[in-house]
Amino acid sequence: MLVAARNALPARSAALLQVTTKGILPTDAAAVVNEHLVPILGSSAAHSRVRLTRLSEPGLARPVVAQLDVQLSRHRVRAQVAAATTAEVVSMLAAHTIEQLHRFPGALAECLRDRTTTSLPPSPPELVPPSARRLVRRKIARPTAMTVAEAIAALEAMDYRFHLFRDKYSRQDSVVSLTGSGYQVVQRTHRLTVSNARARLDLTGSPFEIFTDETTGSTCALYTRYDGHYGILTTGLKPSA
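Residue numbering for the sequence shown follows the working numbering, starting at 1 and increasing by one per position.
Bear in mind the hints are in silico, worked out from the structure with no lab data behind them. Any given hint might turn out to be false.
Across the chosen pairs, the derived CB separations fall in these ranges [unchecked claim]:
| no. | residue 1 | residue 2 | range |
| --- | --- | --- | --- |
| 1 | A31 | R115 | 19 to 29 Å |
| 2 | T20 | T193 | 30 to 40 Å |
| 3 | S195 | A87 | 37 to 47 Å |
| 4 | G236 | A15 | 39 to 49 Å |
| 5 | D114 | N196 | 45 to 55 Å |
| 6 | L25 | A149 | 36 to 46 Å |
| 7 | R76 | V186 | 19 to 29 Å |
| 8 | E88 | A46 | 37 to 47 Å |
| 9 | T179 | E99 | 15 to 25 Å |
The C-beta atom is built at its ideal place from N, Cα and C for all residues, glycine as well.
Sequences are here, hints too, so could you generate the full structure?
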(Lines of atoms letter the chains of each structure in order from A and count residues from 1; the text may use other names and numbers.)
(Lines give C-alpha, C1' and ligand atoms only; values in the text may rest on other atoms or scores of the structure.)
Protein backbone atom coordinates (compact mmCIF):
# COMPACT_ATOMS: atom_id res chain seq x y z
CA MET A 1 0.00 0.00 0.00
CA LEU A 2 2.79 2.40 0.88
CA VAL A 3 4.71 1.77 -2.34
CA ALA A 4 1.69 2.78 -4.39
CA ALA A 5 1.23 5.87 -2.25
CA ARG A 6 4.86 6.90 -2.72
CA ASN A 7 4.56 6.71 -6.48
CA ALA A 8 1.83 9.36 -6.33
CA LEU A 9 3.63 11.74 -4.00
CA PRO A 10 5.58 14.86 -4.96
CA ALA A 11 9.34 15.01 -4.71
CA ARG A 12 10.86 15.53 -1.28
CA SER A 13 10.78 19.12 -0.11
CA ALA A 14 13.78 20.89 1.44
CA ALA A 15 12.35 20.71 4.95
CA LEU A 16 13.34 17.69 6.99
CA LEU A 17 11.70 16.15 10.00
CA GLN A 18 13.40 16.21 13.35
CA VAL A 19 13.97 12.51 14.06
CA THR A 20 15.25 11.14 17.36
CA THR A 21 16.09 7.48 17.82
CA LYS A 22 16.59 5.27 20.85
CA GLY A 23 17.68 1.66 21.06
CA ILE A 24 19.17 -0.65 18.45
CA LEU A 25 17.92 0.60 15.07
CA PRO A 26 19.28 0.66 11.49
CA THR A 27 21.84 3.41 10.90
CA ASP A 28 19.67 4.90 8.15
CA ALA A 29 16.47 4.90 10.24
CA ALA A 30 16.17 8.72 10.31
CA ALA A 31 16.70 8.93 6.55
CA VAL A 32 14.02 6.29 5.94
CA VAL A 33 11.54 8.17 8.13
CA ASN A 34 12.20 11.38 6.18
CA GLU A 35 11.90 9.58 2.85
CA HIS A 36 8.42 8.33 3.72
CA LEU A 37 7.00 11.14 5.84
CA VAL A 38 8.27 14.40 4.30
CA PRO A 39 6.34 13.96 1.02
CA ILE A 40 3.16 13.36 3.05
CA LEU A 41 3.64 16.34 5.36
CA GLY A 42 4.84 18.87 2.79
CA SER A 43 5.47 22.25 4.46
CA SER A 44 4.29 20.83 7.80
CA ALA A 45 7.45 18.71 7.97
CA ALA A 46 9.37 21.73 9.26
CA HIS A 47 7.05 21.80 12.30
CA SER A 48 7.03 18.04 12.92
CA ARG A 49 9.13 15.55 14.81
CA VAL A 50 9.33 11.77 15.01
CA ARG A 51 10.55 9.65 17.88
CA LEU A 52 11.62 6.13 16.86
CA THR A 53 12.35 3.62 19.63
CA ARG A 54 13.30 -0.02 19.84
CA LEU A 55 12.20 -1.25 23.24
CA SER A 56 14.60 -3.42 25.21
CA GLU A 57 12.06 -5.57 27.07
CA PRO A 58 12.44 -9.19 25.91
CA GLY A 59 9.56 -11.10 24.37
CA LEU A 60 7.65 -8.18 22.83
CA ALA A 61 6.17 -9.03 19.43
CA ARG A 62 6.13 -5.33 18.43
CA PRO A 63 9.24 -3.79 19.98
CA VAL A 64 9.62 -0.89 17.52
CA VAL A 65 7.48 2.17 18.36
CA ALA A 66 7.16 5.34 16.28
CA GLN A 67 5.44 8.57 17.30
CA LEU A 68 4.89 11.60 15.08
CA ASP A 69 3.97 15.03 16.44
CA VAL A 70 2.83 17.75 14.04
CA GLN A 71 2.38 21.33 15.27
CA LEU A 72 -0.14 23.14 13.08
CA SER A 73 -1.12 26.80 13.46
CA ARG A 74 -3.99 26.07 15.85
CA HIS A 75 -3.80 22.34 16.46
CA ARG A 76 -1.38 19.61 17.43
CA VAL A 77 -1.71 16.22 15.75
CA ARG A 78 -0.11 12.97 16.83
CA ALA A 79 0.19 9.48 15.35
CA GLN A 80 1.64 6.48 17.17
CA VAL A 81 2.19 2.91 15.97
CA ALA A 82 4.13 -0.20 16.99
CA ALA A 83 5.46 -3.00 14.81
CA ALA A 84 7.93 -5.87 14.66
CA THR A 85 10.51 -4.14 12.44
CA THR A 86 11.67 -0.64 11.58
CA ALA A 87 10.54 -0.95 7.97
CA GLU A 88 7.08 -2.06 9.05
CA VAL A 89 6.68 0.66 11.66
CA VAL A 90 7.67 3.42 9.20
CA SER A 91 5.20 2.09 6.63
CA MET A 92 2.44 1.97 9.25
CA LEU A 93 3.30 5.45 10.51
CA ALA A 94 3.09 6.88 6.98
CA ALA A 95 -0.36 5.38 6.44
CA HIS A 96 -1.60 6.47 9.88
CA THR A 97 -0.24 9.98 9.36
CA ILE A 98 -2.36 10.38 6.24
CA GLU A 99 -5.38 9.18 8.22
CA GLN A 100 -4.71 11.57 11.13
CA LEU A 101 -4.09 14.62 8.93
CA HIS A 102 -7.31 14.13 6.98
CA ARG A 103 -8.87 16.02 9.92
CA PHE A 104 -6.80 19.03 8.79
CA PRO A 105 -6.46 18.63 4.99
CA GLY A 106 -4.32 21.75 4.60
CA ALA A 107 -1.51 19.96 6.42
CA LEU A 108 -1.37 17.17 3.84
CA ALA A 109 0.40 17.19 0.49
CA GLU A 110 -2.23 18.36 -2.03
CA CYS A 111 -2.32 15.07 -3.94
CA LEU A 112 -3.40 13.26 -0.74
CA ARG A 113 -6.26 15.52 0.32
CA ASP A 114 -8.95 13.65 -1.59
CA ARG A 115 -7.64 10.19 -0.81
CA THR A 116 -10.05 7.93 1.05
CA THR A 117 -8.66 6.44 4.24
CA THR A 118 -9.89 3.57 6.37
CA SER A 119 -9.82 4.20 10.08
CA LEU A 120 -8.58 1.23 12.08
CA PRO A 121 -8.59 1.06 15.88
CA PRO A 122 -5.09 1.43 17.32
CA SER A 123 -3.43 -1.72 18.57
CA PRO A 124 -3.11 -1.56 22.36
CA PRO A 125 0.36 -1.90 23.88
CA GLU A 126 1.57 -5.35 24.75
CA LEU A 127 2.13 -6.29 28.37
CA VAL A 128 5.05 -8.09 29.91
CA PRO A 129 4.09 -10.85 32.41
CA PRO A 130 2.38 -9.53 35.57
CA SER A 131 5.34 -10.43 37.78
CA ALA A 132 7.60 -8.22 35.64
CA ARG A 133 5.34 -5.17 35.29
CA ARG A 134 6.38 -1.98 37.03
CA LEU A 135 4.91 1.48 37.46
CA VAL A 136 7.61 3.36 35.55
CA ARG A 137 6.06 6.79 35.00
CA ARG A 138 4.06 9.09 37.27
CA LYS A 139 2.79 12.38 35.88
CA ILE A 140 0.60 15.16 37.23
CA ALA A 141 -1.95 16.44 34.71
CA ARG A 142 -3.66 19.82 34.71
CA PRO A 143 -6.91 19.11 32.83
CA THR A 144 -8.02 21.80 30.39
CA ALA A 145 -11.61 23.03 30.58
CA MET A 146 -13.47 22.03 27.42
CA THR A 147 -16.72 20.61 26.13
CA VAL A 148 -17.17 16.90 25.52
CA ALA A 149 -17.08 17.53 21.76
CA GLU A 150 -13.75 19.35 22.12
CA ALA A 151 -12.41 16.52 24.29
CA ILE A 152 -13.35 13.96 21.63
CA ALA A 153 -11.65 16.06 18.97
CA ALA A 154 -8.49 16.18 21.11
CA LEU A 155 -8.67 12.42 21.71
CA GLU A 156 -8.82 11.77 17.96
CA ALA A 157 -6.18 14.31 16.91
CA MET A 158 -3.69 13.15 19.53
CA ASP A 159 -4.27 9.43 18.91
CA TYR A 160 -5.00 8.88 22.61
CA ARG A 161 -6.72 5.84 24.09
CA PHE A 162 -8.29 8.14 26.68
CA HIS A 163 -8.26 11.87 27.37
CA LEU A 164 -8.43 13.53 30.77
CA PHE A 165 -10.17 16.93 30.77
CA ARG A 166 -12.31 19.22 32.91
CA ASP A 167 -15.91 19.50 31.75
CA LYS A 168 -16.56 23.12 30.77
CA TYR A 169 -20.03 23.17 32.29
CA SER A 170 -19.96 20.85 35.30
CA ARG A 171 -16.31 21.74 36.15
CA GLN A 172 -15.74 18.09 37.02
CA ASP A 173 -12.63 16.16 36.06
CA SER A 174 -13.71 13.79 33.29
CA VAL A 175 -12.28 11.12 31.03
CA VAL A 176 -13.37 10.33 27.48
CA SER A 177 -12.43 7.09 25.75
CA LEU A 178 -13.44 5.15 22.66
CA THR A 179 -15.18 1.84 23.31
CA GLY A 180 -16.61 -0.75 20.96
CA SER A 181 -19.98 1.01 21.09
CA GLY A 182 -18.71 4.58 20.71
CA TYR A 183 -17.35 7.33 22.93
CA GLN A 184 -17.72 7.05 26.67
CA VAL A 185 -17.40 9.91 29.15
CA VAL A 186 -16.76 9.10 32.81
CA GLN A 187 -17.01 11.72 35.58
CA ARG A 188 -17.70 9.72 38.71
CA THR A 189 -15.26 6.88 39.23
CA HIS A 190 -14.86 4.21 41.88
CA ARG A 191 -12.36 4.81 44.67
CA LEU A 192 -9.24 2.66 44.65
CA THR A 193 -5.69 2.71 45.86
CA VAL A 194 -3.01 2.65 43.18
CA SER A 195 -2.13 -0.88 44.30
CA ASN A 196 -5.75 -1.98 43.82
CA ALA A 197 -5.83 -0.41 40.35
CA ARG A 198 -2.61 -2.22 39.41
CA ALA A 199 -4.07 -5.50 40.63
CA ARG A 200 -7.14 -4.97 38.41
CA LEU A 201 -4.98 -4.36 35.32
CA ASP A 202 -2.78 -7.32 36.17
CA LEU A 203 -5.91 -9.47 36.31
CA THR A 204 -7.79 -8.13 33.28
CA GLY A 205 -5.03 -6.98 30.92
CA SER A 206 -7.15 -3.89 30.15
CA PRO A 207 -5.38 -0.92 28.49
CA PHE A 208 -6.23 1.49 31.33
CA GLU A 209 -8.11 1.91 34.60
CA ILE A 210 -9.80 5.19 35.54
CA PHE A 211 -10.35 5.69 39.27
CA THR A 212 -10.40 8.15 42.17
CA ASP A 213 -7.35 7.85 44.38
CA GLU A 214 -8.55 6.66 47.76
CA THR A 215 -5.88 8.69 49.56
CA THR A 216 -5.84 12.01 47.69
CA GLY A 217 -9.32 12.09 46.11
CA SER A 218 -7.73 12.90 42.74
CA THR A 219 -8.90 11.49 39.41
CA CYS A 220 -6.29 9.02 38.14
CA ALA A 221 -5.67 7.03 34.98
CA LEU A 222 -3.41 3.99 35.26
CA TYR A 223 -2.47 2.85 31.76
CA THR A 224 -0.33 0.37 29.86
CA ARG A 225 2.73 1.61 27.99
CA TYR A 226 4.33 0.26 24.84
CA ASP A 227 7.28 -1.01 26.90
CA GLY A 228 4.89 -3.42 28.63
CA HIS A 229 4.82 -1.56 31.96
CA TYR A 230 2.44 0.96 33.57
CA GLY A 231 2.22 4.73 33.74
CA ILE A 232 -0.18 6.88 35.74
CA LEU A 233 -1.74 10.31 35.24
CA THR A 234 -3.29 12.12 38.18
CA THR A 235 -4.96 15.48 38.69
CA GLY A 236 -3.58 15.85 42.21
CA LEU A 237 -0.50 14.88 44.16
CA LYS A 238 1.88 12.50 42.44
CA PRO A 239 0.85 9.04 43.68
CA SER A 240 3.17 6.54 45.23
CA ALA A 241 3.60 3.03 43.90
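Consistency of the hints with the structure:
| no. | hint | verdict |
| --- | --- | --- |
| 1 | A31 x R115: 19 to 29 Å | 25 Å, holds |
| 2 | T20 x T193: 30 to 40 Å | 36 Å, holds |
| 3 | S195 x A87: 37 to 47 Å | 41 Å, holds |
| 4 | G236 x A15: 39 to 49 Å | 41 Å, holds |
| 5 | D114 x N196: 45 to 55 Å | 50 Å, holds |
| 6 | L25 x A149: 36 to 46 Å | 39 Å, holds |
| 7 | R76 x V186: 19 to 29 Å | 24 Å, holds |
| 8 | E88 x A46: 37 to 47 Å | 27 Å, violated |
| 9 | T179 x E99: 15 to 25 Å | 20 Å, holds |
In summary, the one numbered hint that this structure violates is 8.
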